[in-house]
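Chain A is fixed; fit chain B onto it per the hints.
One letter stands for each residue in the lines below.
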Amino acid sequence: MQAKLNRPLSSVVALFMFCAFCAGAHAAPEEIVAKFDAWPPETVTVNQFYECALTATDANGVGKTGLHLQVRGRMPEHAHGLPTAPQISEEGQGRYRIKGLSFNMPGRWVIDILRDDVSVLRQELTVRF
Amino acid sequence: MSRLVTGGCVLLFVLLLALLLSFHHAHAVGAHTGWSNDDIEVLRHLRLSNSALADKNRGNELLFRDDAIELGRRLFTDTGLSGSGQFACASCHRPEDGYQDTELITYRLNPKAAHRAPGLLGVALQDWFFWDGRADSLWSQALAVIEDPMELASNRSQAVRHLCTQYEKSFPALLRNCRALPKANKQDIDRLFVTLGKSLAAFETGLMPPATRFDLYVDALLAGKQDEAASLLDAKEVAGLKLFLDPMIGCINCHNGPMFSNSGFSAVATDAQGYPEHDRKRGVGLLLDSEFNCLKWGNPADCPKLQYVLTDGAETAGAYKVPSLRNLRHAPSYMHDGRYRNLEAVIEHYRNPATLPLRHVDIRPAALLPHQRKQLLSFLKVLGTDASNQEK
Numbered sequence: 070m071q072a073k074l075n076r077p078l079s080s081v082v083a084l085f086m087f088c089a090f091c092a093g094a095h096a097a098p099e100e101i102v103a104k105f106d107a108w109p110p111e112t113v114t115v116n117q118f119y120e121c122a123l124t125a126t127d128a129n130g131v132g133k134t135g136l137h138l139q140v141r142g143r144m145p146e147h148a149h150g151l152p153t154a155p156q157i158s159e160e161g162q163g164r165y166r167i168k169g170l171s172f173n174m175p176g177r178w179v180i181d182i183l184r185d186d187v188s189v190l191r192q193e194l195t196v197r198f
Numbered sequence: 009m010s011r012l013v014t015g016g017c018v019l020l021f022v023l024l025l026a027l028l029l030s031f032h033h034a035h036a037v038g039a040h041t042g043w044s045n046d047d048i049e050v051l052r053h054l055r056l057s058n059s060a061l062a063d064k065n066r067g068n069e070l071l072f073r074d075d076a077i078e079l080g081r082r083l084f085t086d087t088g089l090s091g092s093g094q095f096a097c098a099s100c101h102r103p104e105d106g107y108q109d110t111e112l113i114t115y116r117l118n119p120k121a122a123h124r125a126p127g128l129l130g131v132a133l134q135d136w137f138f139w140d141g142r143a144d145s146l147w148s149q150a151l152a153v154i155e156d157p158m159e160l161a162s163n164r165s166q167a168v169r170h171l172c173t174q175y176e177k178s179f180p181a182l183l184r185n186c187r188a189l190p191k192a193n194k195q196d197i198d199r200l201f202v203t204l205g206k207s208l209a210a211f212e213t214g215l216m217p218p219a220t221r222f223d224l225y226v227d228a229l230l231a232g233k234q235d236e237a238a239s240l241l242d243a244k245e246v247a248g249l250k251l252f253l254d255p256m257i258g259c260i261n262c263h264n265g266p267m268f269s270n271s272g273f274s275a276v277a278t279d280a281q282g283y284p285e286h287d288r289k290r291g292v293g294l295l296l297d298s299e300f301n302c303l304k305w306g307n308p309a310d311c312p313k314l315q316y317v318l319t320d321g322a323e324t325a326g327a328y329k330v331p332s333l334r335n336l337r338h339a340p341s342y343m344h345d346g347r348y349r350n351l352e353a354v355i356e357h358y359r360n361p362a363t364l365p366l367r368h369v370d371i372r373p374a375a376l377l378p379h380q381r382k383q384l385l386s387f388l389k390v391l392g393t394d395a396s397n398q399e400k
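If you read the sequences in order, they're chains A and B.
Counting from 70, one number per residue, gives the positions in the first sequence under the working numbering.
Counting from 9, one number per residue, gives the positions in the second sequence under the working numbering.
Derived by calculation from the structure, the hints in this document are not laboratory data.
Bear in mind the structure is a predicted one, so any value in this text is a computation, not a measurement.
Please note that a few of the clues may not be correct.
Stated by the list, open to error - Which chain A residues face chain B? A few, computed with CB under 7 Å, are given here:
no., residue
1, Ala-107
2, Pro-109
3, Pro-110
4, Phe-118
5, Ala-122
6, Thr-153
7, Met-174
8, Thr-195
9, Phe-198
To be verified - Computed spacing ranges between beta-carbons, pair by pair:
no., chain 1, residue 1, chain 2, residue 2, range
10, B, Leu-364, A, Val-179, 23 to 31 Å
11, B, Arg-82, A, Arg-141, 35 to 43 Å
12, B, Ala-98, A, Arg-141, 44 to 52 Å
Just so you know, even glycine gets a beta-carbon here, dropped at the ideal spot from N, CA and C.
Okay, chain A solo, but in the shape it has when bound (with noise of 0.2 Å):
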């Protein structure tokens, strides 16, 4: 009787514990901390090409590797992006290199690092002549 009655229980645990393991699969990505590494320079000029490195840590400052990264770069007062499509590449303990980054037009602009679309790392720059 008793097991007959710990059946339905244990299967609403079971259910339970599947539909949590569910929900933690569904949760925002563990929280990661980017930062760029002495970047930009003092000044940024139109028509050059940009290098640069980010590190991308858990909140324990664990470097992060594998991660799917993007960049994307905007001119807030203008409707269009970067004028050529840059490349991240990893460097191993959490280290990203970004290559191809380059301007052509003067003015404000803003890098988005993403990742999986949303931005882990932003960064306003201004771009001179």
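Only chain B this time, still in chain A's reference frame:
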């Protein structure tokens, strides 16, 4: 008495202050011309200069060789490069007219040509060639023209045979590989074909626009010679230049640098009307497929522009290369498709760009009053002057 002393002191102080202020102003270059120091920096950046030439042409080892330049000069007017034997580069790029297609030969050969032929002054300072940028070097651009059925309509083995029979004797060092020709394989032909392109490019690299009254004006300002500057541009032209630099009008955002082009591609509401778009989006695909692009035929370290090229997205659709504004003098028409016959119409376009719904464009209507349109026009015309001609 003490009042007099205080009054004197105040007077002295005011005088000193005035003196100081006037000193401060005299030190700013543009003080008497109404230019701020920031403006002066922008003007310096617009001054004609060919210092970037070598850097832009790293893939062409023949660039500064006299024999290659001479060979290119002769090839440029050689009708033997065309399939029909009737046309040369110079037919559509007339040397006496700033290398513009003033006789509209392009349209005679192909009434439906999607692009007009641009003038070639300063062409070597560009990063991309053709209105859609489908070539990334001047030499590969020339090779594309030779094999384009709508242009010279020839092919590489015919062109190379012509090159060797006509020029091997006069240019033995350049054309050593012609000896292999009788039993040449594809690789030998391609190599000679590339030499042909690089020689044409070496010649074209010498086609620099003349210094204009604008350039001399900038020189005079930088040298602090205000009176001389004032004698070079009149008040209307200076007003036009100010409008050109005005961020609210926007011309300077795209038309900047010594050639008045930022080397980029923009959508300025000049979409094709009723025929397939020959824009950057299409051009970049052709570029990546080209057997003579920098990555396929060069040292990859020389190809950052191609390596990080933007291949898609709103920035490429309906976008065309930002053209130089130093090639306006003999232009028979304007924009990639030659839709406008005069500069007034171009300015009107920027004042009131016809945009399609849901279409991305990079410009906003430029608020220009009638007298301002005239001022801007008079400045654009200065960019077509040749200061060494003593014209005004």
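Worksheet entry | Hints not upheld, ascending by number | 1, 2, 3, 5, 8 and 11
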